[in-house]
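What follows is each chain in one-letter form.
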Amino acid sequence: MLNKTSVAKRIAQEIKNGFYVNLGIGIPTLVANYIREDIEVEFQSENGVLGMGPFPFEGEEDADIINAGKQTITAMPGASFFDSALSFSMIRGKHVDLTILGAMEVAENGDIANWKIPGKMVKGMGGAMDLVASAENIIVAMMHTNKAGESKLLKKCSLPLTGVGCVKKIVTNLAFLEIVEGGFKLVERAPGVSVETIRKATEGNLIITGEVPEMKI
Amino acid sequence: MNKKVKNASVALEGVTHKMTLMLGGFGLCGIPENAISELVNKEIGGLTCISNNAGVDDFGLGLLLKKHQIKKMIASYVGENNEFERQMLSGELEVDLIPQGTLAELCRAAQSGFPAIFTPAGYGTEIAEGKEVREFDGKMYVLEHAFKADFSFVKAWKGDSAGNLIFKGTAKNFNFNMCGAANITVAEVEELVPLGELHPNEIHVPGIFVQRIFQGTDYEKRIEQRMTRKKE
Chain R
11 MLNKTSVAKR IAQEIKNGFY VNLGIGIPTL VANYIREDIE VEFQSENGVL
61 GMGPFPFEGE EDADIINAGK QTITAMPGAS FFDSALSFSM IRGKHVDLTI
111 LGAMEVAENG DIANWKIPGK MVKGMGGAMD LVASAENIIV AMMHTNKAGE
161 SKLLKKCSLP LTGVGCVKKI VTNLAFLEIV EGGFKLVERA PGVSVETIRK
211 ATEGNLIITG EVPEMKI
Chain S
22 MNKKVKNASV ALEGVTHKMT LMLGGFGLCG IPENAISELV NKEIGGLTCI
72 SNNAGVDDFG LGLLLKKHQI KKMIASYVGE NNEFERQMLS GELEVDLIPQ
122 GTLAELCRAA QSGFPAIFTP AGYGTEIAEG KEVREFDGKM YVLEHAFKAD
172 FSFVKAWKGD SAGNLIFKGT AKNFNFNMCG AANITVAEVE ELVPLGELHP
222 NEIHVPGIFV QRIFQGTDYE KRIEQRMTRK KE
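Heads up: the protein sequence lines correspond to chains R and S, in order.
Going by this note's numbering, the letters in the first sequence line up with residues 11 to 227, in that order.
Going by this note's numbering, the letters in the second sequence line up with residues 22 to 253, in that order.
Errors might be hidden in some of the hints.
[Claimed, not checked] Here are the computed lysine-lysine pairs in the DSS-like style, where the Cα-Cα straight-line distance is at most 25 Å:
(1) R:K130 / S:K160
(2) R:K126 / S:K152
(3) R:K178 / S:K251
(4) S:K152 / R:K14
(5) R:K178 / R:K19
Everything labelled a hint here was simulated from the structure, so no lab data went into it.
I would like the entire structure built from these sequences, with the hints used as guidance.
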């Protein structure tokens, strides 16, 4: 079974040279730490920075330079700042190559729910609806089951949707899956996790073809 | 053209109860601190506020919420404010949550003279309920109408008496899109410089989009999530 760091490491393997990438809050943020050193990648944060760098050194924080999580950050050489409309032009206009975000639920047709629990959590969708409606390439990073042990990979989402038919790939603590016609295709197992364990933890239709290899982290 | 006014109090002349206001900023980054303080001072209530976020409990729009001056909030993310959540769940506060990119584009549409836009964001979700949808090239889009606001309050780094503005870092955010998006745009700046000092090549917002500008004071520029790393 993978911990959050390993989920981030596996997702990092999907990032290719020359990619512009938008990272959501939580596990996705960790992905930035595990990019291969021989490739060039630029991170976009939807509040208005392309070429986001690491956290500043102590004493060098700037209230005017933050990411979408409202954290102080730095700008890499070659970075740029821009307004919110232009930021979403990058996203809606499909100039950003890859979006990595968390989810509460994903359905076997690629629907995603990650912004609202009616009557309980109503914080708003932020940029998530724009991101999932526009990105060609979306990877969801999440735990396979929720705190109550229930599957988060469902036939149909029960929570209010963020977007429809948009998720392409999912990396969980148990598996790497792709959304294909008919359900979740099991691509890789997390180290030491059996196909049977994954099947039990997946409520939606799980598609297994032949031997399922173990992930390399 | 001289847009310069003495202070926040003069800059807010004409702002009255029940108006619709746009306020720039992302989180607490680039918020019009002086205008917000003055709205509190003047005790103007029943407001509809369009802003990406709603501040925190004791800063930003949270100051207006605490005094119950906001009737309706139009925002994309309001997660940092407990008082906001309390007022929303108790029904004291009307809330319209809309996707961040749509929020930005509806400001831009108002600024640019477009009555509405088609966006893919929110299609198939509760956000699109009751709205016109249309297919373009096999993809579905939702019709969203441009904002109509009485005043827009933005904050810039530098500005001049002609209303030209320059932003710093990620404080450009919604401030840029809200300039000229309301009937009257009021800009507050950290540094009001003499006319001619800002080079035309550097100006982000041309003064035509700004009706009033003033030198702000006592900027707190609070950091919400202070993150650092150690020098090795």
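Hint-by-hint comparison with the structure:
For the proposed pair K130 of chain R and K160 of chain S, the alpha carbon gap of about 32 Å is over 25 Å, so the pair is violated. Proposed proximity of K126 of chain R and K152 of chain S is supported: the alpha carbons are some 20 Å apart, at most 25 Å. In summary, the hint linking K178 of chain R to K251 of chain S is not supported, as the alpha carbons are separated by about 37 Å, beyond the 25 Å threshold. For the suggested pair K152 of chain S and K14 of chain R, the alpha carbons sit about 39 Å apart, so the restraint of at most 25 Å is broken.
Our distance criterion of 25 Å between C-alpha atoms is met by K178 of chain R and K19 of chain R, whose separation comes to about 18 Å.
Figure legend: structure checked against the earlier numbered hints; hints not met, in rising order: 1, 3, 4.
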